[in-house]
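The hints should help you fit chain B onto chain A, whose structure is shown.
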Amino acid sequence: MNKRLAVIGLGNPLRGDDGVGPWVIAELTRQGLPPGVTAYDGGTAGLDLLRLLDSWEQVIIVDAGRVGQEPGQFVRFTPDQARWSETRDTLSLHNMGLSEVLALARALERPLPAIVIFGMQPGDTDWGERFSPAVQAALPTLVRAIREEIGE
Amino acid sequence: MTTLNVNVHHVTRVEGHGSIVVDVKNGEIKECRFEVVEAPRFFEAFVRGRPYSELSHITSRICGICAVGHATASLEATEKAMGVQLTEQATLLRKLMFHGEIIDSHILHTYYLVAPDFLGAGSVIPLIETHRDAVLLALRVKKLSGDLCAIIGGRHTHPCALTVGGFTHTPGERELREIQARLVDARADMDASVDLFASLPWPEFERETEYVSLHKDDEYAFIGGTVVTSDGFSYPIEDYKQVTNEECVPFSTAKWTHHNRDAYMVGALARLNNNHDQLHPRAQAAAAKLGLRPIVTNPFLNSAAQVVEMVHCVEDSIRIIDELLSRGVQPEAPAPFKVEATEAVGSCDVPRGILFHHYVYDEDGICTRANCIIPTNQNMANLNADMKVLLPQILDRPQDEVRHLLEMLVRAYDPCISCSAHCLKVEFV
Numbered sequence: 007m008n009k010r011l012a013v014i015g016l017g018n019p020l021r022g023d024d025g026v027g028p029w030v031i032a033e034l035t036r037q038g039l040p041p042g043v044t045a046y047d048g049g050t051a052g053l054d055l056l057r058l059l060d061s062w063e064q065v066i067i068v069d070a071g072r073v074g075q076e077p078g079q080f081v082r083f084t085p086d087q088a089r090w091s092e093t094r095d096t097l098s099l100h101n102m103g104l105s106e107v108l109a110l111a112r113a114l115e116r117p118l119p120a121i122v123i124f125g126m127q128p129g130d131t132d133w134g135e136r137f138s139p140a141v142q143a144a145l146p147t148l149v150r151a152i153r154e155e156i157g158e
Numbered sequence: 002m003t004t005l006n007v008n009v010h011h012v013t014r015v016e017g018h019g020s021i022v023v024d025v026k027n028g029e030i031k032e033c034r035f036e037v038v039e040a041p042r043f044f045e046a047f048v049r050g051r052p053y054s055e056l057s058h059i060t061s062r063i064c065g066i067c068a069v070g071h072a073t074a075s076l077e078a079t080e081k082a083m084g085v086q087l088t089e090q091a092t093l094l095r096k097l098m099f100h101g102e103i104i105d106s107h108i109l110h111t112y113y114l115v116a117p118d119f120l121g122a123g124s125v126i127p128l129i130e131t132h133r134d135a136v137l138l139a140l141r142v143k144k145l146s147g148d149l150c151a152i153i154g155g156r157h158t159h160p161c162a163l164t165v166g167g168f169t170h171t172p173g174e175r176e177l178r179e180i181q182a183r184l185v186d187a188r189a190d191m192d193a194s195v196d197l198f199a200s201l202p203w204p205e206f207e208r209e210t211e212y213v214s215l216h217k218d219d220e221y222a223f224i225g226g227t228v229v230t231s232d233g234f235s236y237p238i239e240d241y242k243q244v245t246n247e248e249c250v251p252f253s254t255a256k257w258t259h260h261n262r263d264a265y266m267v268g269a270l271a272r273l274n275n276n277h278d279q280l281h282p283r284a285q286a287a288a289a290k291l292g293l294r295p296i297v298t299n300p301f302l303n304s305a306a307q308v309v310e311m312v313h314c315v316e317d318s319i320r321i322i323d324e325l326l327s328r329g330v331q332p333e334a335p336a337p338f339k340v341e342a343t344e345a346v347g348s349c350d351v352p353r354g355i356l357f358h359h360y361v362y363d364e365d366g367i368c369t370r371a372n373c374i375i376p377t378n379q380n381m382a383n384l385n386a387d388m389k390v391l392l393p394q395i396l397d398r399p400q401d402e403v404r405h406l407l408e409m410l411v412r413a414y415d416p417c418i419s420c421s422a423h424c425l426k427v428e429f430v
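Protein chains in written order, with this note's numbering: chain A, 7 to 158; chain B, 2 to 430.
Treat the hints as calculated values from the structure; they're not laboratory data.
Don't take each hint at face value.
Below, simulated SDA-like cross-link-like pairs (lysine to any residue); rule was C-alpha separation at most 20 Å, straight line [to be verified]:
(1) B:K144 to A:E115
(2) B:K144 to A:R116
(3) B:K144 to A:A111
(4) B:K81 to B:E239
(5) B:K144 to B:R133
(6) B:K144 to A:R57
(7) B:K144 to B:Q181
Next comes chain A alone, as it looks inside the complex (with noise of 0.2 Å):
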């Protein structure tokens, strides 16, 4: 496996707009990737995900985010421009997401890949397999942006 870059997706395909990682991820490996570039599924990987992490030079991320805009609307990051809610004494471990796993690798000073996240504000994460329709119909821009961060 090439350990070049990484597009990793996060987030539940059961739970509506919080698949919309591993659905990013599906297209990805449907339409085909440049040489060097690998799409993975991360789900819930939770705390797996700092093992992940640890495998690639560059990694993308695309999750599911409450990043402050509408249903659908995506925002490009670097960890270092969010302010990520967690605190010390309610961080929740069991399932972590990427925030604590992000806080977790800083606390223990473990090198980190260059990550760039697209984060999309989702409409609706209960139980069910369908995107709303403002996700849905903002996904092809969000696969778009994408493939621009991959250099294509």
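Positioned in the frame of chain A, the structure of chain B alone reads:
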């Protein structure tokens, strides 16, 4: 007279969302319960109308921690329905992968969720400063168990190589040898874990209940077998509803279960209580060191039983790999099966306890009905019964201490209340 008002919304370090509600006025307990505000629902809706070949992949997405457990229980049901006889190699690989997930889940729960309660930390992050070696040990073991799952399942969190009749991928002998060497090395981490958890001041609390788990005559049961209880009952898996007797309760979206008593407990402690003698000798020694002599009736010790099971799974994984290597590992086509209108129940004892998947298939192998009973729901009535006994015993303590002990009790059950969405919450600087 004591007046307490404990209202913990969304207990931290518990998967999903659950709330503790305690209301004590002048020494009289008005309210004392753990309520679930969100639970896995619509399970049937996900799988109804889907072909047999997709079910294990869909259900493995229910939970990121028990993905292998759900997939394995799902395949148990489908394979029983379709008359599949797994090969010996496939059976060994399924067991090995299951052990990987037990270790994976237990190491996270014991070190990152339970240990902070004892080591005076609100979470694992401050532990990095005070108990760095322990945090790194847990990460090391977590990586090992994740790699063990990945070489068999093709991918760790949501295994893709599991299929009806066997596997679509076979690990190589070199991969197995490498992971076995790491498992042997992990014995030192297991010994250190037993010492650490044996040194913790576990809360003193006893409440006798009924313990329900799988049982097999020839091994410590995780996959298949019969359903047994510590009250002496035994049922074939197909008769699971005679054990679970699900009922709705008004303040919880999770259905409660009861069998011979008002409540029963499932999970590592139930398995240890029912099947202690089948644990690997090293795991039995660990149990003795941790003070676990069946029948153990302190629910806080469920986490200690998880440490024992980690030792067992490390040892049994080493043994299984020996067996695989001496047989020779060969790529195999999935075992043959017949698609027909049928129904079956599959069961595994996953990290949090006994899990049932029940499917009805039509003649084309399309799932027309399904039922899934998860361990956490089965523990709800028992957890609430524990709280009702524990609270009067600790009423004279400060409110913060009462809250902390109740939270610890909830965490001891390692509840997976909801396989939640994993949205980021981001503010920009």
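So, against the hints stated earlier in the document, which numbers end up violated here? none
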